[in-house]
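**Q** Each chain, written out:
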Amino acid sequence: EDQVTQSPEALRLQEGESSSLNCSYTVSGLRGLFWYRQDPGKGPEFLFTLYSAGEEKEKERLKATLTKKESFLHITAPKPEDSATYLCAVTSGGYQKVTFGTGTKLQVIP
Amino acid sequence: DAGVIQSPRHEVTEMGQEVTLRCKPISGHDYLFWYRQTMMRGLELLIYFNNNVPIDDSGMPEDRFSAKMPNASFSTLKIQPSEPRDSAVYFCAIRGYNEQFFGPGTRLTVL
Chain A
1 EDQVTQSPEA LRLQEGESSS LNCSYTVSGL RGLFWYRQDP GKGPEFLFTL YSAGEEKEKE
61 RLKATLTKKE SFLHITAPKP EDSATYLCAV TSGGYQKVTF GTGTKLQVIP
Chain B
1 DAGVIQSPRH EVTEMGQEVT LRCKPISGHD YLFWYRQTMM RGLELLIYFN NNVPIDDSGM
61 PEDRFSAKMP NASFSTLKIQ PSEPRDSAVY FCAIRGYNEQ FFGPGTRLTV L
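Residue numbers (our numbering), protein chains in the order written: chain A, 1 to 110; chain B, 1 to 111.
Bound conformation, chain A alone:
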């Protein structure tokens, strides 16, 4: 059974204070690792897919990296609008059955 653990559960940053969110996973053969952003009262919004160790993806102030055991979401010089819950998910079979972590709630203070 695939497992995903995200840490920390909550993170409070000052605007401009860079940090990283962690996603540790256990799967029998990773097919893909996904990062989503979820704002209060909304559905998760897709950010990145990573397929193999060593892969990196970037979008604005966000950079996702992948190793054989974990993924990091690096946030560089965050702004208050980056405040959200960030979800990590993995799939080991087809891309239909995806296992989600419980998320990291990020708050960026002006």
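Read the hints as simulated data drawn from the structure, not as lab findings.
A hint or two may mislead.
To be verified - Calculated from the model, a selection of chain B residues having no Cβ within reach of chain A, i.e. all distances over 10 Å:
hint : residue
1    : Glu-11
2    : Glu-14
3    : His-29
4    : Asn-51
5    : Pro-70
6    : Ala-93
7    : Arg-95
8    : Gly-103
Said to hold, decoys possible - Think about it this way: if two alpha-carbon atoms lie no more than 25 Å apart in a straight line, the pair counts; the simulated SDA-like pairs of lysine to any residue are:
hint : chain 1 : residue 1 : chain 2 : residue 2
9    : A       : Lys-97    : B       : Arg-22
10   : A       : Lys-97    : B       : Val-12
11   : A       : Lys-97    : B       : Asp-56
12   : A       : Lys-42    : B       : Tyr-97
Note that the Cβ used here is the ideal one computed from N, Cα and C, for glycine as well.
Got chain A sorted already, so can you dock chain B onto it with the hints?
**A** Same frame as chain A, now just chain B:
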């Protein structure tokens, strides 16, 4: 959210009542998913369809839950009878390339 419409957005009902949640995906996507999200358990896959056919319903918690997809543009998730522990946010999602696109969700409260 623009790819998936869910209704109602909020539902408050009493224990024992039947609840029907609706999902209207934009056309052209062959996979449709129903998820449930709670603080305790996070986001859980309930069931998914491929070309309107239910493929895996192993996440459906019990026989009180049922889902249908009569055509490519409409799906329902029904709970009968509802219980307080069913209170959660229910999401419908469609598959893009490998990622999924979620609707805005229905917040269900069972009193």
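**Q** Give a verdict on every hint.
**A** Cross-check of the supplied hints:
Remark: the non-interface label on B:Glu-11 is consistent with the geometry, its nearest Cβ contact in chain A lying 15 Å away (cut-off 10 Å). Even its closest Cβ contact with chain A, about 24 Å, leaves B:Glu-14 beyond 10 Å, as expected for a residue assigned away from the interface. Even its closest Cβ contact with chain A, about 12 Å, leaves B:His-29 beyond 10 Å, as expected for a residue assigned away from the interface. Taking the minimum C-beta to C-beta distance to chain A, about 12 Å, the non-interface status of B:Asn-51 holds against the 10 Å cut.
For B:Pro-70, the condition that its CB be more than 10 Å from all CB atoms of chain A holds, with the nearest at approximately 20 Å. Distance to chain A contradicts B:Ala-93 as a non-interface residue, since its nearest Cβ pair spans about 7 Å, not more than 10 Å. Look at B:Arg-95: its CB is around 7 Å from the nearest CB on chain A, not clear of 10 Å, so calling it non-interface is violated. A beta-carbon of chain A comes within 10 Å of the beta-carbon of B:Gly-103; the shortest separation is about 5 Å.
Between A:Lys-97 and B:Arg-22 the alpha-carbon distance is near 21 Å, which keeps this suggested pair within the 25 Å criterion. Distance check on the hinted pair: A:Lys-97 and B:Val-12 sit about 30 Å apart at the alpha-carbon level, beyond 25 Å; violated. Restraint check for A:Lys-97 and B:Asp-56: satisfied, since their Cα atoms lie roughly 9 Å apart, inside the 25 Å limit. The suggested pairing of A:Lys-42 with B:Tyr-97 holds, with an alpha-carbon distance near 22 Å, which does not exceed 25 Å.
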